[in-house]
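S.K.: Quick mapping for you: the protein sequence lines, in order, are chains A and B. Read left to right, the first sequence gives residues 1261 to 1539 (our numbering). Read left to right, the second sequence gives residues 1261 to 1539 (our numbering).
Any given hint could turn out to be false.
The list cannot tell twin chains apart, which means a pair is met if one copy fits it or any two copies do.
[Stated by the list, open to error] Simulated crosslink set (DSBU-like; lysine-lysine; CA at most 35 Å straight-line):
{"#": "1", "residue 1": "K1534", "residue 2": "K1411"}
{"#": "2", "residue 1": "K1422", "residue 2": "K1512"}
{"#": "3", "residue 1": "K1501", "residue 2": "K1532"}
{"#": "4", "residue 1": "K1516", "residue 2": "K1501"}
{"#": "5", "residue 1": "K1358", "residue 2": "K1454"}
Everything labelled a hint here was simulated from the structure, so no lab data went into it. All values derive from a computational prediction rather than experimental measurement.
There are 2 protein chains.
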Amino acid sequence: MGLLGASITSAILRSFSGVKSVGFSHRDSTRQKARQLGVADQIVDSIPDCVSDADIVILATPICTFENLFREMAPHLQPGTIITDVGSTKNLAHKWAKKYLPGSVHYVGSHPIAGSEQRGVEFARDDLLAGAVCIVTKTATTDPSAFAATKKLWADLGCSVKSMSPVEHDRIFAEVSHVPHITAAALVNATSPKNINYAGTGFVDTSRIASGPENVWADILLTNSANCAAGIGRVINQLEKLKAAIAAKDEKMIAKLLAQARAKRAKLIEHKMKSRELL
Amino acid sequence: MGLLGASITSAILRSFSGVKSVGFSHRDSTRQKARQLGVADQIVDSIPDCVSDADIVILATPICTFENLFREMAPHLQPGTIITDVGSTKNLAHKWAKKYLPGSVHYVGSHPIAGSEQRGVEFARDDLLAGAVCIVTKTATTDPSAFAATKKLWADLGCSVKSMSPVEHDRIFAEVSHVPHITAAALVNATSPKNINYAGTGFVDTSRIASGPENVWADILLTNSANCAAGIGRVINQLEKLKAAIAAKDEKMIAKLLAQARAKRAKLIEHKMKSRELL
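Modelling step: build the complete structure from the supplied sequences, incorporating the hints.
M.R.: This is how it looks when you write it as structure tokens:
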């Protein structure tokens, strides 16, 4: 029942009739707020109460908590229940699901790319998912009808759904999301407090994502550590290339590397415009 | 008579009476456009015609051209003329001025932090400098009254003027402008074309400045190579720190490094808001 969990139950309330949404939070104060705000049909006080009658269970907690949550809910799940989540990395979730959930239930991974810099149930919005991309992940052992049902759920809530394996997901999002976050943080940390106030809008934009909450990001980086470490290595290689060209005053090589980045980004922006992902 | 040069002469036309602005470009087509647009009182066809009656000469060309331009204009300058420029790095400009300009004229460095992603005289605006920060640079041998006159010129054109040495300028702007540009380019170059379209707004913002023109940036990086190489080294060090913490799954260290970046950036944004440099 954080921002994303409560936004999902709110969207379910708005989008479906004949569906009962049941929310749980381990914090009493969050459960009280969720009840006052009416973001779900019912807010319950325990995991067994939340999951024992569920057709689909959606985890919207830090990925590091999934291991214990799977263990805790396992004995209370009905056969055939679909379990999914909204975590930003997918490999470990699939592994833990296989290890801790009973064979009679079906785990499918989900990553709706939606959020806000605000946090907490009080910022939940029933339109947070509208137009968002949602990646749904499966392995060779994922139940096909559970996979189809999970994709339909997100599509019905307004998402543009794409599917891939958890391995592919974590490799791609290390590159386009996790490593950029790390790079922005490294850039800020490399800037001396004495000089930083001379920064203009270029620096402000380049470093924007470094303002994300560190506990959420530590969770993401910890659960995708190998891909992130490899991706940081690739950024360091590119920085070393530019450093060598600059130190050698090799104008052609500097211009070539900068032109390569400019052309690649121009293609990205063109794609985003065409697919209407940017206004 | 590019975007910045023509914007300066346009601002002079608007701001002063009794001042004659004379423009020059080595391109005939640019001179014709500048005449048609009326961005200066007069557009002349040669450097001697441009500088021989000037009280103040402003170079608005790539920094790498200053060496030859100083040499070419030197025999035609009247004693007491102030020479300045609008280059994004200042060390080499001061060095070349000392080497090639006669002792009877006064060089002062300027760096108005204003520009546009557009280029060319046709995009000149007489309000481009309004509210911009302009750094004016001097060394131990800079003439005090020429320095004061140069600061007054930019202030009269609407800039918020700050002064420092060229050495300090190039060190600071390597950190807050040149190295961020290099980092953004390295990040884009490290991303595979196959995956880049999964990038969201975070990546788009982090990489924005990598879309700058490579010839302008190659000029900046070449003329501030030592500071840039050192600054890239500091970013690599910070990336190595984060890489080690992530590879070791050291949650406390990851969170500590991310929190440090977040706090530093929060202070920067607070400063920008207070000084009204961000809306």
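S.K.: For a quick check of understanding: which of the numbered hints are violated here, in increasing order?
M.R.: Failing hints: none at all.
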